[in-house]
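Chains as they are written, first to last, in my numbering: chain A, 12 to 503; chain B, 50 to 888.
For the record, the hints were derived by calculation from the structure and aren't laboratory data.
This structure is a prediction, so every number in the text was calculated from the model and none was measured.
Idealized CB from N, CA, C, for every residue including glycine.
Treat the hints with caution; some may be incorrect.
Claimed, not checked - In silico DSS-like pairs for lysine-lysine, Cα to Cα no more than 30 Å straight-line:
(1) A:K116 x B:K729
(2) B:K399 x B:K614
(3) A:K219 x B:K614
Stated by the list, open to error - Pairwise CB distance ranges (calculated):
(4) B:S166 x A:V493: 16 to 26 Å
(5) A:S257 x B:E427: 43 to 53 Å
(6) A:G189 x B:T728: 52 to 62 Å
(7) A:E346 x B:T728: 27 to 37 Å
(8) A:V493 x B:K139: 30 to 40 Å
In case you want the letters, here they are:
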Amino acid sequence: MSNDPLNPLDESHLLLNRRTFLGRGATALGTGALASLLGRGGATAAASGGGLQGLPGYPPKPPRAKYVIYLFQNGAPTHVDLFDYKPKLRELHGKSVPDGYVAGKRFSTMTGKADGKLLLAPVEPFHQRGQSGAWVSEFLPYTAQVADRLCFVKGMHTDAVNHAPAISLMLSGAQIPGRPTLGAWLTYGLGCETENLPAFVVMTSVSKGTTCGQIFYDFYWGSGFLPSRYQGVKFRGNGDPVLYLSNPSGLDPSLRRAMLDDLAVLNERKLREHGDPEIATRISQYEMAFRMQTSVPELTDLSKEPESVLSLYGPSVREQGTFAYNCLMARRLIERGVRCVQVMHAGWDQHRSLTTELYTQCRDTDQPSAGLVLDLQQRGLLDDTLVIWGGEFGRTPFIQGALDDRKNWGRDHHPYAYTSWMAGGGVKAGLSHGETDDLGMNVVSDGVHVHDLQATILHLMGIDHERLTYRFQGRDFRLTDVHGRVVSEILS
Amino acid sequence: MTSDFRDWNPATRWKSLGTVLGFALGLGSAEAAETVRFSRDVLPILADHCFACHGPDAAARKGGLRLDVREGALGPGKSGKVAIVPGDPKASEVIRRVLTADADDVMPPPEAHRPVSQDQIATLSRWIAEGAPWGRHWAYEPPQRPAPPSVPGVSNPIDAFVRSRLAREGLEPAPEASRETLLRRLSFDLTGLPPTPDEIRVFVEDTQPGAYERQVDRLLASPRHGERLAWDWLEAARYADSNGYQGDGERTMWPWRDWVVREFNANRPFDDFTTWQLAGDLLPSPAPEQRLATGFVRNHMINGEGGRIPEENRIDYLFDQTETVATVWLGATFNCTRCHDHKYDPFTQKDYFSLLAFFDRTAVDGGGGDPQARPNLEWPSETQKERRQWLETELKASARTVRTLESVKFPRPAGKPVLEASGVRDLPKEIQDALAQDPEQRDGARLNPLAAHWRTNDAPYAGALERQKHLRDERDGLNRSIPRVMVMEDQERFRDTFVLARGNYEQPGARVVAAVPKGLSTSPAGSPTNRLGLAQWILSPGHPLTARVAVNRSWQLFFGLGLVKTSEDFGLQGERPSHPELLDWLAVEFRDSGWDLKHLHRLIVTSATYRQASRTPPEIRERDPENRLLARGARLRMPSWMIRDAALFHAGLLVEDIGGPPVKPYQPPGIWEEATFGTKRYEQDHGASLYRRSLYVFWRRIVGPTLFFDVASRQTCTVRTPRTNVPLHALLTLNDITYVEAARALAARVAGAADTDPERLRWLYREVVGRLPDAEEEGRLLGSLHGYRQRFATEPGRARELVEVGEIRIPTDLDPAALAAWTVVCSTVLNLDEALNVE
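Isolated chain A (complex conformation):
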């Protein structure tokens, strides 16, 4: 074999080298191994990145959406200040919670018993928006503009009263850490199209200057007992989006290529000699690592995004690590075939900051969320993409803090009612579904439990939530545990 792969100008040699390798591989490895080398099919094609195989015959039903973008609002947005308009709260502002609303209910230790707590009017005015007349407060002017494209689920309720268990319940179906999350289940069932990027990507952000203390635990995107290739890959908010993506200083891509060619040839030799199919998988994984070194920088290169698109997401869209940047990245990811993108934004925990930090919070998330919906629609991607916006619970219609201390007004955790919205693939646009009582305290009609929302998401992806199971420690587990009902009323 001619052996100067190191001539930096001789790219054609490198290319040829790879072709020769794959060509020979076809005869040397047999079809299974070759398939896995190419990153698709084969029993050993086990990759967190591209061409991840789904279950045979999946999706079993025609899907209404192919991709999911979950805009998770970590900390619990206040439904009564944003979406769930309750004029009576203004009427009874400063009055005690009337009898019958909170009896026997559990709140966080910060509230304790809720009897006698004082009701708090919405901080900002509400208006009905668009053709649909959905209520959205002045906190969210951009969301208000796209209200006709959204489906507001106003009867959300959950079981947990603290952040980590509630987020875990929302994302994994169980309060205790360690179960597979929505994205893991989706990629386990459906696999993904891209060979160059992970199937399930997570990005996180927090508004600058907020005092929030919630942490992004890695079990929010874990694979639990599913094989770890299904776990979300967290793209970082600074530096390399993927850990260890950059070559060490001094080693440029052509040298890396040359080195990987050596590795491939030597590993292939080992494969011939030994026959362990894991070796074939390893070769393909090193190749995919190399592809990611190219595809990730390409992904994050915004130079070809027109200004008109960037401006949809608002002023901080160019700044890595912001919610706006992550929303744009979510679109770019699903465009490239990534199955599930989980964008998490923390800081919604307004225990004493309804009149201060809530504004920042809305400023940082409102325009990008709406911009994402518009951008997806303009590109014709919204039909194939399910966008979900929401947190882990709501906030109490009564005040936390003192009524005469407006600067520190707050609301505590409230699992009994909250609002999420959905948009895109298979969801009725311009619908407000479900209703809470006149104080926004409890759901009175069309309640949607966390497990119901999960069942609905899976349904939209063509999956029966009762059928997608995985046996672990002798039990068939599923995302919705033993619960969940598809909310057919919101399907288009």
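Mind docking chain B on chain A? Use the hints.
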């Protein structure tokens, strides 16, 4: 993948009762001649398809029918019909119901999506026809030592069991691996580190009998052995250096970690190892080590999130403790019984809370996020102890000096306080307050103003005060720096424990007292009703699970999979052992050897089964992809921590100090900061700490070290970790500073090892993969080396950048271009599949 998507089609299933029963009565295939065995053939069917509604869980039971016990199955159900009539399948309701085409009547009901197959129906029918002999799940019968089958030329009983099974399958064992391969495998498996080329040479040249056994003894005696075993134990024990959850305070449990290493090295019998960790504090006059060992129980996460209800936390901790003990010693999935009676195994919710009650006697109240929450145990080093002793003595002496000076300075009648000396009342209040205290009692807030007051006009007195202050500060600082290990300690009066409905702390039901799960093994006579009694029960000779579960984990360590693949679940839903007799033989041997781990490990690694080559013909690989039949040796990608340790070792960088506070090696910037909004800053260590074994790397629970993969999260008990093969792993071993620095340090070693490139390459191969390169490998890599060198010679800036990655400075005669070129080659070799695998 166990999802069941088979169609439910009663029409095709309804072939003919006659056919099925005919088959059942032995008129079918030749296989039917073999007797149906209840525990092997029947119980799994009943468990999988029936127990969810007709099993141990009383609350979920339907139609009053219980199929997990004989009396239930043979008695009439609510309908009056008899489920199983021994000897008469046709009269047995069970058979009628699985065969019927009536969708309302058929079992299991279609909505359960768990149809019974024709073969399974045939098995049930035959079993009933044969009289429906009952039995128990294999793992709940105490293991008896089976006689190893007689296989010519085989002396190790392991081989006898494995070979006789292979013979039944018509398979031949693989030949023994080469000595190079064997020593590399043995060294990694027993010490987590590779052999040196010299060690390989010695072994290859040792032609005397017992050469291999001598290597086994050498490696078992190595202090690295304890470090190797400790990793897996730490994962099971969910050991970490922080609490987890918000706040994630740093704890100091590492003296417990070091204890584990010491005990493995001392070959502490597994029964003592167990007793100390579960109940060392309850032993008569417990030694400090025995109390330290109970840190095992306290390694759980602690939730300091604001707004959390302490009781909820406290109960969470107890859940974790209970389930960890059940997984580690009983191979039981107790978490299922937190909310309801077990669906498959004979454990009730009451059993769960009775077991939990053993741990529910401490003063732990669940409040706050103190990472050293009491009860705790101070664990000073010898140096700290000595220094503290010295400081206490000096403090007393210095207080005496001050007292003497004050008796002169503030003259007063004997026995009267300083305040009564003349003039003292005129001093500032702050000074008077300070003087009012005995010199030994004064803290910094008293001593500082006092010393300041007299600094200018009574230097000797002020000096004595300052010395007092310095000693005191040092002592206080020292006390703060002494690790405190959270341990177990029962209170004399402890709270009541209740069954919690659905596991909800707010819904206490019936009160329970501490008790071991019934039906497995009886407690030894006279054992106390506390954790010590629990340990005695776990270790009782008739216990069906403890020894099996333990030897299975050891097997898993050497073969990648346990004899029972589901090493965390020996229950009805766990996998049956591939070699049941071998498992039982090993269990009894282990127990009867005095729970001697090194004996067990020696037995395993000296077996011919372990020593087989891992190569196998494709048809056998296809037939047995997971190597359950053991017709070949294991070939396993090393755990990521071992890959790192090996890289440091080859590079000559590894610093082999045992134990001590955790270290913080290279990690990309911002990992902790991003996860914690800047509240936790990663301050990377420098110098030797960068090169310690992975066992000692600081484990932040909410954001584990990024330099490992496929490891337990250390959030809850884990006894089996996956081995995946994904591109992110490749990026790590190609690009992480740790690995690039190791490659360049290795390059420097390569350079000094020989004078010519071919010789150097051979040295490198021997060092990393334990063998010489063949002509193809040599040609390829030397060609590349040449190209790299030319390339770096034209770009010296790049060469310098590459050879300066990492903090180590290594003097070398090699020019940067050559060193950089060798660095790339070394990185290539470290990333070879062969280097990442134990073959």
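Original post:
Between A:V493 and B:K139, does the beta-carbon spacing fit 30 to 40 Å?
Top reply: Roughly 36 Å apart at Cβ, these two residues keep to the hinted range, so it holds.
Original post:
Taking the CB of A:E346 and the CB of B:T728, does the distance hold inside 27 to 37 Å?
Top reply: Holds, since A:E346 and B:T728 (Cβ atoms, about 35 Å apart) stay within the stated range.
Original post:
Quick one, are A:K116 and B:K729 close enough, alpha carbons at most 30 Å?
Top reply: violated (36 Å)
Original post:
Cβ-Cβ distance between B:S166 and A:V493: within 16 to 26 Å?
Top reply: With Cβ atoms ~25 Å apart, the hint holds.
Subject >> Status of the given 52 to 62 Å range, CB of B:T728 versus CB of A:G189 >> reply: violated (24 Å)
**OP:** Could you grab the alpha-carbon distance between A:K219 and B:K614 and see if it respects the 30 Å cut-off?
**Re:** It is violated: about 49 Å lies between the C-alpha atoms, which goes past 30 Å.
**OP:** Compare the distance between the alpha carbons of B:K399 and B:K614 with 30 Å, and conclude whether the hinted pair is satisfied.
**Re:** holds (29 Å)
Subject >> A:S257 paired with B:E427, Cβ distance criterion 43 to 53 Å >> reply: holds (45 Å)
Comparing the model with each earlier hint shows violations of hints 1, 3 and 6; every other hint is respected.
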